[in-house]
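This is what each chain is made of:
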Amino acid sequence: MLFNSLEFLLFFPTVFILYWILKNHKQQNIVLLISSYIFYAWWDWRFLSLILFSSFVDYVSGLKIEASNTQTGKKRWLIISLCSNLGLLAIFKYYNFFANSFADLMGTVGWQVNDLTLNIILPVGISFYTFQTLSYTIDIYRGQFKPTKDVISFLTYISFFPQLVAGPIERASNLLPQIERKRTFKKQWFNEGVFQILVGLFRKIVIADNLGTYVDAVYFNPEIHNSSTLVLATFFYAFQIYYDFSGYSDIAIGTAKLLGFKFHQNFNLPYFSKSITEFWRKWHMSLSFWLRDYLYISLGGNRKGIKITYRNLMLTMLLGGLWHGSSWNFVIWGGIHGLALSCEKFIFSFKKNKDFGFLGYIYTFIVVLLSWVFFRAPDLGTSATIIKKILSFDFLMPFIGDFNNVAISVLMLLLGIGFDFYIRLKKVHLEDLGGQLSTVKLVTFATAIIMLLNLFYSTSNNFIYFQF
Amino acid sequence: MDKINLKSTLKLILYILVVTYVVDKVIYFSLNMLSDKILSGQAVGKLNHFITVKDSVDIVTFGNSRTNHHINPQKLSGSGFNMGADARSIAFCATLIKLLPENKEQLVIVNVDSKNVFDPKYSGIDISPLRIRYHRSKVIKREIDRVFSFDPIQNFYWSKGYNGKVLGLFKNYFVPKYDHTTYYGYDPIYVNETQREIFRNFLKNPKRVECKEEYVLSDLYKSYLDEIKAFCTKNNKKLVLITAPFYDDVCKKDNQKMKQVFEEMQFEYYDFSDVFKENNKIEYWKDDVHLSDEGAQLFSEILNKTLVKK
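If you read the protein sequences in the order shown, they are chains A and B. Counting with the working numbering, you get residues 704 to 1171 for the letters of the first sequence. Counting with the working numbering, you get residues 514 to 823 for the letters of the second sequence.
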C-alpha cells in the first residue's frame, strides 16, 4: 500500500480511530500489528512469512543472547541472527547479482557458465526491516539493550507500518520502549504530524514526481542528448531523489506521530552541506548512523590507525552502496562517497576548521551530483556514456520536451527549495514546525499545500527507495 | 484520547476540510472563468473551441493525431471542425459526439486505427483530458465515472480537474497560441529538411512490423461504437468511420477484419490506408504514420470527394 494512494486514505483513518478508541496500549499494539501486516500484505501477502521468520529468529536470539552466561553462547546466537537475516537478504536481493557477476567473470576467461540466476522477486522493504531487526540483536549482544519478552511488542516493532517498507530505520532503543508503554494523544504532536504528512506529500507527488518525468525521458536515451541536457537531468534527479525520499520519511514520521510515536529525523537539509562528511550527517540519517554504529565501528572505526580508518570508511560506503541495490553502479556510488570521505578525513587532519567554507557547498553538491549519475543510470555502460557526454562540453540549449511539465517542475522545485531555506533561516526542524503554528496558520498552510497537490500533482510512481 | 483533545482535533480537521472546500471552489470557478475565455491550445482551448462551434458546424471529425494532422475541414464541403488530438481514442471521441446537438443534421467522421480497435487491453483511459469538465457536464461525468473508479478526492476538490493545466491556461490566456477565428482544428505539419532526412534514413531501415494472425474487437471499443451509432441515428447525424493513410501499411489482415466487423455492425466505413500507395511521394509524409501538410491537403480532397459529394 502506498502512502499516496486512495487505499491509504481509507486505511489510515480507520486504524487511527480504532487505535485511539482503545485505552490499553497492549490492545493498541494488537491493532498496530494487524494493520501493519495488512499494510504489507496489500503488496504481496506471501512475503509476510519472511517478516515473521526474521521477527521470530531475532525475538528468540535476543532472549537467548541475554540468557547466555558465556560470551561464546552469546556469540553463537548473534551469529544465528546475522546468518538468518543476512542470508535472506543475500538470497532475495543479491543472489542473481553475484550469479551474473560470476558468469561475466568466467566469460572473460573464456569459460561459458550456464544461467545460474533464479526467478526471485525482491520483497519490498527487506533491506530496511533486516537492518532494523539486526540492530536489536547487536545492541543486546553489546549489552546496550535489554530484550523484550512481549512478543506482540517485538513483532510490532519490526513491522510497524509507517516505517516498514522504506524506513526510517528505527533502533529498538528508541521505538521498542515507546511500543511497550502507554501512549497519550497530544494535540501538539497531532498538529506536527498533519503538517509533516502534507509537506511530505507535496515533496513526493508534486516536486519529485514532476521532476521524475523529465529525468526518466532523458535517462531513457542519454545517447541522443547534449551535455546541458544531461547535467540538467542529473540536477533534477538530485532533487527528485531528495524530495522523494525525504517526502516519504516525512509521511512516515508524521503518521507515526499521529499514533503517538516519535521517530528520529531522517533528513536535515542535506544539500546545505559544506562537506561530504556533513552531507552524510544529514542524508538518510537513520541509515548513515546505522552504518557508522554497526559496520564502521565494528570494523574498528578510527581506533586502529589512519590506514585502517581509510579502509573502514571505504568498506562502509561500498557496502552502504550495495545495500541500496544489487548492481555495480551502487557500489561505485558508494565508492565515490567513500573516497570523498577519506580525502576529507586526510585534509581535515591538517585543518582547524572541519569544512571548506562557502566553496564547500559547491564542492559537496558537485560530488553528490556526480555520484547520482551512477545511482540513476541503469547500468555501468549507460553511466559511462552519460559522463562522457557531459565531459564533451556540448553545452547548447537543453532538451525541454514537455514544456508544461518542465515549467511546473521548476516552479515547484523553487517552492520546495524556498521552503527549505525558510526552515534553515528559522532554525527549526520540520518535525516540530506544525506544533509551533497557530490554528489559523496551520489551516492556511494545509489549505495552500492541498491546493498545490490538487493542481500540480504528477501521476504517482512508486517511492524510489521502495526498490531498495 | 480525552474529550478536550478529541474536540480540538476534530475542530482542526473540520476547519481544514471546510476552508479547503471553500478555497477549492473559489479556485475552481475562477479557473472556469479564465478557461472559458481560452480558445487556443491543445489542452483546453481546442475543447472550448469545439464546445463553442459544435452546434453550428456541419461536419466534425474525431480521432487521434492522424485526424488532427490529416484532415483540413476547409477542404470539405460544408463548415467543419477537426477535433482530432494526440493519443485520443474512441472513449474521448464518443463522449464528445454525445455532446453534439440533438436533431441537427451533421456529418460525423471518426478515424479508427486497427492498433486501437483490436487492442485487448483498451481501457478508455484516453478520456482523461475531459476531467477538466467533470463537474460541468453530466455526459462527461457519467463517461469518466464509467472508465475510472470513483475518485472521492475529485468529487470533493473540484479543482483537481485542472491538475497540470494551470500554467498552460495562464500562458494561453495572456499569449494565445494562435488566432482561433481562423482555426478549424487542423494542425498542419510542415516538414523541414532535417525531418525529411530522418524519415529518408528511417525508410532505408524501417522498423519490423509484426502482423498478427487473428484480430478481436475489444468489447469496450465495440460498446462505444454501438453507443455513437445509436446516438447519431437518433439525432439525425451521418456517422462515417475511416482509416487515414499510412506510408506503407504492411499488415492486411487487420484491415480485412475491420472491414468485416464494421460491415456486420452496419457502419459506413472507408479504408484509406493505401490511398497513396500507387502515387506515393516522400513530400506527402512527415513519418510513416503522419502526413505532411501537402499530403494532408491532398487526402482531405480525396476524403471530400468520397464522402461529401457522394
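One thing to keep in mind: the hints can contain errors.
Some residues of chain B that are not near chain A, with every Cβ distance over 10 angstroms (derived) [as the list claims (entries may be wrong)]:
{"id": "1", "residue": "I540"}
{"id": "2", "residue": "L547"}
{"id": "3", "residue": "D549"}
{"id": "4", "residue": "H648"}
The calculated DSS-like cross-link candidates involving lysine-lysine, where the alpha carbons are at most 27 angstroms apart (straight line), are [to be verified]:
{"id": "5", "chain 1": "B", "residue 1": "K520", "chain 2": "A", "residue 2": "K1144"}
{"id": "6", "chain 1": "A", "residue 1": "K1144", "chain 2": "B", "residue 2": "K524"}
{"id": "7", "chain 1": "A", "residue 1": "K885", "chain 2": "B", "residue 2": "K538"}
{"id": "8", "chain 1": "B", "residue 1": "K538", "chain 2": "A", "residue 2": "K889"}
{"id": "9", "chain 1": "B", "residue 1": "K524", "chain 2": "A", "residue 2": "K726"}
{"id": "10", "chain 1": "A", "residue 1": "K890", "chain 2": "B", "residue 2": "K524"}
{"id": "11", "chain 1": "B", "residue 1": "K516", "chain 2": "A", "residue 2": "K965"}
{"id": "12", "chain 1": "A", "residue 1": "K1007", "chain 2": "A", "residue 2": "K1054"}
{"id": "13", "chain 1": "B", "residue 1": "K538", "chain 2": "A", "residue 2": "K726"}
{"id": "14", "chain 1": "B", "residue 1": "K520", "chain 2": "A", "residue 2": "K729"}
{"id": "15", "chain 1": "A", "residue 1": "K885", "chain 2": "B", "residue 2": "K524"}
{"id": "16", "chain 1": "B", "residue 1": "K538", "chain 2": "A", "residue 2": "K852"}
{"id": "17", "chain 1": "A", "residue 1": "K726", "chain 2": "B", "residue 2": "K516"}
{"id": "18", "chain 1": "B", "residue 1": "K538", "chain 2": "A", "residue 2": "K729"}
{"id": "19", "chain 1": "B", "residue 1": "K538", "chain 2": "A", "residue 2": "K965"}
{"id": "20", "chain 1": "B", "residue 1": "K550", "chain 2": "A", "residue 2": "K1144"}
{"id": "21", "chain 1": "A", "residue 1": "K965", "chain 2": "B", "residue 2": "K520"}
{"id": "22", "chain 1": "A", "residue 1": "K965", "chain 2": "A", "residue 2": "K1144"}
{"id": "23", "chain 1": "A", "residue 1": "K889", "chain 2": "B", "residue 2": "K524"}
{"id": "24", "chain 1": "A", "residue 1": "K889", "chain 2": "B", "residue 2": "K520"}
Partial list, computed: chain B residues near chain A (C-beta under 7 angstroms) [unchecked claim]:
{"id": "25", "residue": "T522"}
{"id": "26", "residue": "L523"}
{"id": "27", "residue": "Y534"}
{"id": "28", "residue": "K673"}
{"id": "29", "residue": "Q810"}
Since the hints were derived computationally from the structure, they do not count as laboratory data. Built from N, CA and C at the ideal position, the CB exists for glycine as well.
- prompt: Within a Cα-Cα threshold of 27 angstroms, do K520 (chain B) and K1144 (chain A) meet the stated pairing?
  reply: 19 angstroms, holds
Given pair status - K1054 (chain A), K1007 (chain A), alpha carbons within 27 angstroms: The given pair, whose Cα atoms are some 21 angstroms apart, holds under the 27 angstroms limit.
field: Given hint K524 (chain B) paired with K889 (chain A) - CA-CA distance at most 27 angstroms
entry: Holds - the C-alpha atoms of K524 (chain B) and K889 (chain A) are around 15 angstroms apart, at most 27 angstroms.
query: Can we keep the K673 (chain B) interface hint, with Cβ of chain A closer than 7 angstroms?
result: 4 angstroms, holds
task: Compare the distance between the alpha carbons of K965 (chain A) and K520 (chain B) with 27 angstroms, and conclude whether the hinted pair is satisfied.
output: Status holds; Cα separation ~23 angstroms.
message: Between the alpha carbons of K538 (chain B) and K965 (chain A), is the straight-line distance 27 angstroms or under?
response: 36 angstroms, violated
message: Run the distance test for K538 (chain B) versus K889 (chain A): straight-line Cα separation, threshold 27 angstroms.
response: 32 angstroms, violated
message: What's the verdict on K1144 (chain A) and K524 (chain B), does the C-alpha distance respect the 27 angstroms limit or exceed it?
response: 14 angstroms, holds
field: Pair hint outcome, K889 (chain A) versus K520 (chain B) [Cα-Cα no greater than 27 angstroms]
entry: 12 angstroms, holds
message: K524 (chain B) and K726 (chain A) were given as a pair; does the straight-line alpha-carbon distance stay at or below 27 angstroms?
response: 22 angstroms, holds
query: If you take the shortest Cβ to Cβ gap from Y534 (chain B) to chain A, is it below 7 angstroms?
result: Given a least distance of 10 angstroms, the restraint on Y534 (chain B) is violated.
field: Verdict on D549 (chain B) as a residue remote from chain A, using beta-carbon distances over 10 angstroms
entry: The assertion about D549 (chain B) holds, with a minimum of 18 angstroms to chain A.
Hint check: violations occur at hints 1, 7, 8, 13, 16, 18, 19, 20, 26, 27 and 29; the rest are consistent with the structure.
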